[in-house]
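Enquirer: Residue strings, one per chain:
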Amino acid sequence: MADRKSNRPTYTADYIKGDFEKAVYLDNAHTDNLMTAFLGLGAEHWALRRRVMVLEKFMAEGNVIDPALVEAYEPTPEEKVTWEAERDDFIERTFSVLTRATNTVSGPVPTGKVPAREP
Amino acid sequence: MLSRRTILATSAAAAAAVVTAAGTSQASTPSLDIKIDPYNQTAEQKALHTARFEKLDQESLMSFAEGFKSWNGKDLAGRGQRRITNAFLRSKGLTIGRTEIGYEECFNLMLDEPSFAAKIRFNRSAQALMWDRALRAFHGEPDRYLALMEETDNTGPGSLELNPGMHLPDYTVHEIHAQPGGYVGDPFAGWIYHWALTQAFYQARNQYDEVFTAIAQDCPKPDDGQVRRILDLGCGSGLSTMAYKERFPNAEVWGIDAGGPMVRYGHYEAVQRNLDVHFAQRLAEDTRFPDGYFDIVSDYLLFHEVTVPAAQKIMPEIHRVLRPGGVFYHDDSPTIGNPNVPMSLTVYAKARAWEDHRHNIEPWILGYRHADFPALMRGSGFEVDLTIRQNVHRKRAIFGIKPA
Ligand SMILES: C[S@@+](CC[C@H](N)C(=O)[O-])C[C@H]1O[C@@H](n2cnc3c(N)ncnc32)[C@H](O)[C@@H]1O
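So the sequence lines, in the order shown, correspond to chains A and B.
Under this note's numbering, read the first sequence as residues -12 to 106, first letter to last.
Under this note's numbering, read the second sequence as residues 1284 to 1687, first letter to last.
In short, the hints are calculated from the structure, not lab data.
Incorrect hints may appear among the rest.
Here are the simulated lysine to aspartate or glutamate pairs, DMTMM-like style, with alpha carbons at most 25 Å apart [what the hints assert, rightly or not]: (1) B:Lys1352 <-> A:Glu71; (2) A:Lys9 <-> B:Glu1444; (3) A:Lys4 <-> B:Glu1337; (4) B:Lys1338 <-> A:Asp75; (5) A:Lys67 <-> B:Glu1337; (6) B:Lys1338 <-> A:Glu71; (7) A:Lys44 <-> B:Glu1337; (8) B:Lys1352 <-> A:Glu73; (9) A:Lys9 <-> B:Asp1415; (10) B:Lys1329 <-> A:Asp75; (11) B:Lys1352 <-> A:Asp19; (12) A:Lys67 <-> A:Asp53; (13) B:Lys1352 <-> A:Asp75.
Here are some, though not all, of the chain B residues that point toward chain A, as calculated from beta-carbon distances under 10 Å [to be verified]: (14) Leu1412; (15) Asp1469; (16) Pro1503; (17) Asp1507; (18) Arg1511.
Please read all numbers here as calculations on a predicted model, not as lab measurements.
Glycine included, C-beta positions come from ideal geometry on N, C-alpha and C.
Could you put the whole structure together from the sequences, leaning on the hints where they help?
Expert: Right under this line is the structure:
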């Protein structure tokens, strides 16, 4: 009910804890954990890129950069659109390997032709 | 140091003043009805509806979670994925159409398909990332966020009723959608729900509460046009509750929820928006309002989170507190009883539904899916209206009219 550290009222109640943190979906727990850490790295990387985009914007305007300004910066509606597109590209190129169809490679080397790749 | 929130609060207060002025000038018209275009909001409306983390990095981590969930979601349902799934099912001699195989078995079958397993792993990890990084933002400065709520607990506009000793049925205290602490067990549950979930879950479609504004704007009025009192059941962080007040500034608007931290945040936020809304920690099965008190009762995403027996108690309660001619506006995920939204029962769809139920902790969603919701409404005396309206969720919403 009260925050145990500060004794301030929190209006919370006892709850039923889920077991979702224990789940393993891949071959073993290590692979699952690596995937989760990999995702976390992606998030940190995107946070850095976003910060750099704000810094570059102020630098391009020739400003002395006040960290408080960087911290408070809100992208314009246009920037929101381009930044989100950039984020989605980053996610796609980094993580889309997971969507590939997989198969056991065996037997002779394939012989069927497909059309040449578009430029 | 510039505070992100302070900058916004200045324009939010200005915008709120506009809303109040419009309400006051026509106080004699009880059903004043303000049109807001959810998807073309003015700068003031956007400033009012935004929820931004204090720090750029916190916001960026949430932006990643949002983008990742969106990519993973699109891909999971996309054409490439379907081709892989169908080939996989055929290789196992299974149908790609409707199946009688149970939900859990479908999930376990699909896990043998590597891209499905990876997608489930990433879906779960992205959900955990979203909650964890949001929790860290608030728990990193607990005194500050507690103090913000303490400042508004006993001030208006509007009011807050907290009932710390009240009995909470067990079904309400799970860590639903894997939210740490659920709706009742974390002091910042309301903030986290608004600032993390409603941003990331709606995948860039709810940066300015568009979904909630649309829900309120789409609500049909009773035939006589009178809207004096509105009740928002299972109001959570109060986003739709506040949107009702913006649309009907002269109406008495109530939001009730089982979670104390949920309504506490709702009230805090309503004060920031200068909206006179009433929040109370109460149960939907026992609202404690007089008979016939409300013109409109709405619920958004409540019923899939309650048990079938609880739903059977809540429905007559809604009917009781509505006045004759009053409207019940229900919006939640599909059930077998809603002919407007056919339910997919393929191996893939059941596997995903099992993921949501068991791995995302939605303990009651399968019961809700297989309950005939319109029949439940009729059983309590409602006339059911399945007209597809210009609703944000169009086919999903179901309307009940209490006969005059
Ligand atoms: C999915 S959330 C929806 C919140 C809000 N309507 C929204 O969409 O943002 C469901 C809410 O219903 C509340 N709830 C569940 N059972 C309830 C009950 N019996 N009475 C009141 N609230 C309940 C939960 O505490 C939670 O806040």
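Enquirer: Now tell me if each hint is right for this structure.
Expert: We went through each hint and held it up to the structure:
Distance restraint check for lysine 1352 (chain B) and glutamate 71 (chain A): the Cα-Cα separation of roughly 13 Å lies within the 25 Å cut-off, and the hinted pair is therefore satisfied. Among the hinted pairs, lysine 9 (chain A) with glutamate 1444 (chain B) is inconsistent with the structure: their alpha-carbon atoms are about 37 Å apart, more than 25 Å. Using a Cα cut-off of 25 Å, the hinted pair lysine 4 (chain A) and glutamate 1337 (chain B) is violated, with the two alpha carbons roughly 29 Å apart. Note on lysine 1338 (chain B) and aspartate 75 (chain A): the hinted pairing holds, with a Cα-Cα distance of about 22 Å set against a maximum of 25 Å.
Taking the CA atoms of lysine 67 (chain A) and glutamate 1337 (chain B), the gap is near 18 Å; set against the 25 Å cutoff, the hint holds. With a C-alpha separation of about 18 Å, the suggested pair lysine 1338 (chain B) and glutamate 71 (chain A) falls inside the 25 Å cut-off, and the hint holds. With a CA separation close to 20 Å, the supplied pair lysine 44 (chain A) and glutamate 1337 (chain B) stays within the 25 Å bound. Using a Cα cut-off of 25 Å, the hinted pair lysine 1352 (chain B) and glutamate 73 (chain A) holds, with the two alpha carbons roughly 15 Å apart.
Restraint check for lysine 9 (chain A) and aspartate 1415 (chain B): the C-alpha separation of about 15 Å stays at or below 25 Å, so the hint holds. Pair hint lysine 1329 (chain B) plus aspartate 75 (chain A) holds up; C-alpha atoms about 24 Å apart against a cutoff of 25 Å. Distance hint between lysine 1352 (chain B) and aspartate 19 (chain A) is fulfilled; the C-alpha atoms sit about 17 Å from each other, no more than 25 Å. Among the hinted pairs, lysine 67 (chain A) with aspartate 53 (chain A) is consistent with the structure: their alpha-carbon atoms are about 22 Å apart, no more than 25 Å.
The suggested pairing of lysine 1352 (chain B) with aspartate 75 (chain A) holds, with an alpha-carbon distance near 10 Å, which does not exceed 25 Å. Satisfaction of the interface hint for leucine 1412 (chain B) is found here, the shortest Cβ-Cβ separation to chain A being roughly 6 Å, below the 10 Å cut-off. Given the 10 Å rule on beta carbons, the hint for aspartate 1469 (chain B) holds: about 7 Å separates it from the nearest Cβ of chain A. At about 32 Å, the closest approach between the beta carbon of proline 1503 (chain B) and any beta carbon in chain A exceeds 10 Å, and the interface hint on this residue is violated.
Hint status for aspartate 1507 (chain B) relative to chain A: violated, with the closest Cβ pair at about 39 Å, above 10 Å. Against a cut-off of 10 Å between C-beta atoms, the interface hint on arginine 1511 (chain B) is violated, since the closest Cβ of chain A lies about 30 Å away.
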